[in-house]
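Enquirer: Read off the chains here:
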Amino acid sequence: MRTKVRGNPARWAWFVVAGLVAFMLAFAGCGGGDDDDSGDEALSEVGKGEGELDLVAWVGYVEDGSTDPKVDWVTDFEKETGCDVNVKIAGTSDEMVDLMRTGEYDGVSASGNASLRLVEGGDVDPVNTDLVPNYKTVFSDLKDQPYNTVDGTNYGIPHGRGANLLMWNTDEVTADTKSWSVILDPNEASKYKGKISVYDDPIYIADAAVYLKAHNPDLGIDNPYELDEDQFNAAVDLLKQQRPNVGEYWSDALKQISSFTEGDSTVGTTWQYSYFALKGDNQPVAVSPKSQGFVPEEGATGWSDTWMISSEAKHPNCMYEWMNHIIDPETNAKVAAWFGEAPAQSKSCDLFKSLPAAYFASPSHCADYHADDPAFWERVYYWITPVADCGDDRGEECKDYNDWVSAWTEIKG
Amino acid sequence: MEAAGVAAEAQRRSVGRRLADLFHGRPWLQRGSLLAGPIGWLVIGYIGSLVVMLIAAFWGVNALSGEVSRTFSLDNFKEIVETPVYRSVTGRTVGIAAAATLTDALLAFPIAFYMAKVASPRMKGVLVVAILMPLWSFYLVKVYAWRTMLSEGGIINWALDPIGLSGPGFGTAAVWLVESYLWLPFMILPIYAGLERIPNSLLSASEDLGAGPGRTFRRVVLPLAFPAVVAGSIFTFSLTLGDFITPSLVSPETQFIGNVVKANITNNLPLASAFAVVPIVVMTIYLLIARRLGAFEHL
Numbered sequence: 026m027r028t029k030v031r032g033n034p035a036r037w038a039w040f041v042v043a044g045l046v047a048f049m050l051a052f053a054g055c056g057g058g059d060d061d062d063s064g065d066e067a068l069s070e071v072g073k074g075e076g077e078l079d080l081v082a083w084v085g086y087v088e089d090g091s092t093d094p095k096v097d098w099v100t101d102f103e104k105e106t107g108c109d110v111n112v113k114i115a116g117t118s119d120e121m122v123d124l125m126r127t128g129e130y131d132g133v134s135a136s137g138n139a140s141l142r143l144v145e146g147g148d149v150d151p152v153n154t155d156l157v158p159n160y161k162t163v164f165s166d167l168k169d170q171p172y173n174t175v176d177g178t179n180y181g182i183p184h185g186r187g188a189n190l191l192m193w194n195t196d197e198v199t200a201d202t203k204s205w206s207v208i209l210d211p212n213e214a215s216k217y218k219g220k221i222s223v224y225d226d227p228i229y230i231a232d233a234a235v236y237l238k239a240h241n242p243d244l245g246i247d248n249p250y251e252l253d254e255d256q257f258n259a260a261v262d263l264l265k266q267q268r269p270n271v272g273e274y275w276s277d278a279l280k281q282i283s284s285f286t287e288g289d290s291t292v293g294t295t296w297q298y299s300y301f302a303l304k305g306d307n308q309p310v311a312v313s314p315k316s317q318g319f320v321p322e323e324g325a326t327g328w329s330d331t332w333m334i335s336s337e338a339k340h341p342n343c344m345y346e347w348m349n350h351i352i353d354p355e356t357n358a359k360v361a362a363w364f365g366e367a368p369a370q371s372k373s374c375d376l377f378k379s380l381p382a383a384y385f386a387s388p389s390h391c392a393d394y395h396a397d398d399p400a401f402w403e404r405v406y407y408w409i410t411p412v413a414d415c416g417d418d419r420g421e422e423c424k425d426y427n428d429w430v431s432a433w434t435e436i437k438g
Numbered sequence: 251m252e253a254a255g256v257a258a259e260a261q262r263r264s265v266g267r268r269l270a271d272l273f274h275g276r277p278w279l280q281r282g283s284l285l286a287g288p289i290g291w292l293v294i295g296y297i298g299s300l301v302v303m304l305i306a307a308f309w310g311v312n313a314l315s316g317e318v319s320r321t322f323s324l325d326n327f328k329e330i331v332e333t334p335v336y337r338s339v340t341g342r343t344v345g346i347a348a349a350a351t352l353t354d355a356l357l358a359f360p361i362a363f364y365m366a367k368v369a370s371p372r373m374k375g376v377l378v379v380a381i382l383m384p385l386w387s388f389y390l391v392k393v394y395a396w397r398t399m400l401s402e403g404g405i406i407n408w409a410l411d412p413i414g415l416s417g418p419g420f421g422t423a424a425v426w427l428v429e430s431y432l433w434l435p436f437m438i439l440p441i442y443a444g445l446e447r448i449p450n451s452l453l454s455a456s457e458d459l460g461a462g463p464g465r466t467f468r469r470v471v472l473p474l475a476f477p478a479v480v481a482g483s484i485f486t487f488s489l490t491l492g493d494f495i496t497p498s499l500v501s502p503e504t505q506f507i508g509n510v511v512k513a514n515i516t517n518n519l520p521l522a523s524a525f526a527v528v529p530i531v532v533m534t535i536y537l538l539i540a541r542r543l544g545a546f547e548h549l
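Going down the list, the protein sequences come from chains A and B. All letters in the first sequence, in the order written, are residues 26 to 438 by the numbering used here. All letters in the second sequence, in the order written, are residues 251 to 549 by the numbering used here.
Among the hints, a few may not be true.
[To be verified] No more than 25 Å apart at the CA atoms, straight line, and that leaves these computed lysine-lysine pairs for PhoX-like:
hint, chain 1, residue 1, chain 2, residue 2
1, A, 372, A, 161
2, A, 280, A, 304
3, A, 113, B, 512
4, A, 280, B, 374
5, B, 512, A, 265
6, B, 512, A, 280
7, B, 328, A, 265
8, A, 218, A, 161
9, A, 73, A, 113
Hints listed in this document are in silico derivations from the structure and should not be mistaken for laboratory results.
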């Protein structure tokens with residue numbers, strides 16, 4: 026008996042759909058082998074430049090004169106090495122990991138919460154620091170750190186470090202701003218309902234943990250990135266209480282600058298780059314004073330950034346040239362002055378007084394930013410990817426990054 | 251000699267003629283070849299990529315590297331269903347989509363009616379161009395313009411200040427406003443086409459039978475135009491449902507379906523894929539209802 030399928034188009038459509046669904050379920054059930062990252066080796070010598078270089082970087086890290094014609098440390102590099110620099114600005118570490126996974130870029134200025142993920146995922150290669158002459162004079166407390174070195178193998182060249190800032194509009198915010206409580210204590214934060222600007226990244230949960238470390242010592246928080254169940258839930262609850270008062274979750278620095286300029290945000294977390302841009306535009310903003318190291322009394326989260334080379338870099342020689350260039354004393358001084366961070370290069374400290382006016386450099390830059398002060402950085406908790414292994418006697422109880430990501434979606438609601 | 255001549259000629263048949271012979275009498279081959287291109291693009295490019303994304307929904311992810319691990323599990327769907335935040339985000343997005351659709355329907359109908367029934371032919375042309383012109387400008391430019399207008403120091407607050415009011419500012423209301431603005435042309439045009447199809451003789455007949463304008467509208471025009479309204483609503487609803495750029499610009503603290511998917515794509519692609527199933531399901535239901543109401547003849 027012949028079925029009547031032939032003449033009925035709708036039936037055909039259902040057959041196709043059923044076929045696709047069956048195919049999908051079958052395929053999904055197949056376990057595929059994970060690609061084994063072959064543990065690529067670092068370069069053994071730097072050859073001739075390839076003529077081009079594709080970078081992923083934070084805003085303000087790769088200035089070629091397009092923001093301000095007098096602020097430029099790229100054009101001289103391009104002339105010296107013949108490597109034309111193309112830069113993609115990313116707003117969060119997650120974006121950076123995503124971009125590096127495409128394999129389309131040669132290098133990235135990774136913070137600690139991207140660097141280990143890139144190493145784990147096989148997206149970056151080890152770096153042969155012998156091929157980067159300027160590395161010898163980098164501050165020693167930036168070398169061989171957990172966020173840039175794995176099992177004794179170096180994976181990058183330090184760029185500089187800094188703390189996340191608390192910034193407020195001095196016309197609108199008159200309360201005590203020595204502490205993060207102005208945006209994290211529900212009573213104080215409600216005064217600025219709808220005007221609070223918070224960084225849009227799960228890593229911000231660590232900021233809540235830093236706050237609780239000082240204000241709720243019973244929780245016993247020590248490392249804000251290794252939180253067990255109770256500590257994690259406390260931090261998440263604090264942020265859920267903050268949520269109704271938040272007006273903006275920002276990841277694009279330029280958008281945050283415009284919202285502070287327009288008055289849509291009056292207080293929040295920010296980076297030095299945005300603060301200086303607003304000051305340069307004569308906006309009434311302020312951050313924690315120099316006397317506090319630009320950091321509220323509880324301390325702050327921060328970042329120590331590392332230039333890493335992609336495992337699929339098409340221009341590795343240019344990348345090594347870049348890594349050496351970015352930490353040469355003059356360039357690193359320019360970078361540190363322009364963005365507003367502590368330089369990685371110890372020899373840069375003498376050069377701030379002689380930088381051009383366009384960089385607004387202060388001769389005491391290194392002292393102001395505690396570039397050579399390891400004790401200061403103990404109150405600044407560099408971004409790093411949370412993992413299940415707490416690293417202490419609690420064992421594997423801590424929340425991993427997947428938990429942080431899910432919690433962040435819940436916090437934003 | 252003649253037979254040899256014919257045979258020789260047969261051997262000399264060109265490739266073109268042979269191809270034509272192949273197609274002759276085989277209509278399925280003719281149709282199939284013509285359709286192969288577009289259907290190939292549709293199946294491989296469009297549906298294929300959807301299928302690949304949906305397959306990922308059944309996989310898991312390595313917490314540290316973010317790499318997808320291809321072990322089959324339904325955990326992602328469980329999380330979508332069990333965690334309240336995904337329900338509230340879905341509800342919020344569907345709510346805004348419905349609100350924008352309703353607003354556009356109410357705004358579009360009078361405009362479309364004027365164009366179809368009242369305007370002179372010249373005016374009709376002018377109005378069609380005027381309605382289509384916003385579509386020529388770049389989507390991002392329009393949304394950024396609204397962001398500037400809605401901001402604290404923007405023109406809306408400036409205009410309302412003398413009366414003592416203030417604009418909606420950034421937030422869910424702003425999203426409703428901007429989405430309604432963006433998709434209005436997509437609502438006007440199908441309704442206009444649908445209303446044009448209503449013969450004026452019907453309206454005259456209704457008047458002759460004693461119905462006033464209101465009654466005529468309710469009993470004659472509306473039922474005939476309704477399928478066209480539904481057709482237009484397909485555009486406004488689906489475009490609003492998936493939009494993540496407008497919320498990120500005019501409501502930077504609220505999450506809609508698109509924002510949640512985008513936020514999870516890097517860290518947890520399987521979860522993002524699983525959540526992307528939700529708008530697919532919503533739109534499938536919507537389209538089935540729309541088909542029932544006869545909208546497909548009016549697209």
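Enquirer: Confirm or reject each hint.
Expert: Okay, the hints, checked on the actual structure:
1. 372/A with 161/A: The hint holds at about 10 Å.
2. 280/A with 304/A: 16 Å, holds
3. 113/A with 512/B: 19 Å, holds
4. 280/A with 374/B: 41 Å, violated
5. 512/B with 265/A: 21 Å, holds
6. 512/B with 280/A: Holds, because 18 Å separates the two Cα atoms, which is no more than 25 Å.
7. 328/B with 265/A: Between residue 328/B and residue 265/A the Cα gap is close to 23 Å, so the pair holds against 25 Å.
8. 218/A with 161/A: 49 Å, violated
9. 73/A with 113/A: 24 Å, holds
The earlier numbered hints that this structure contradicts are 4, 8.
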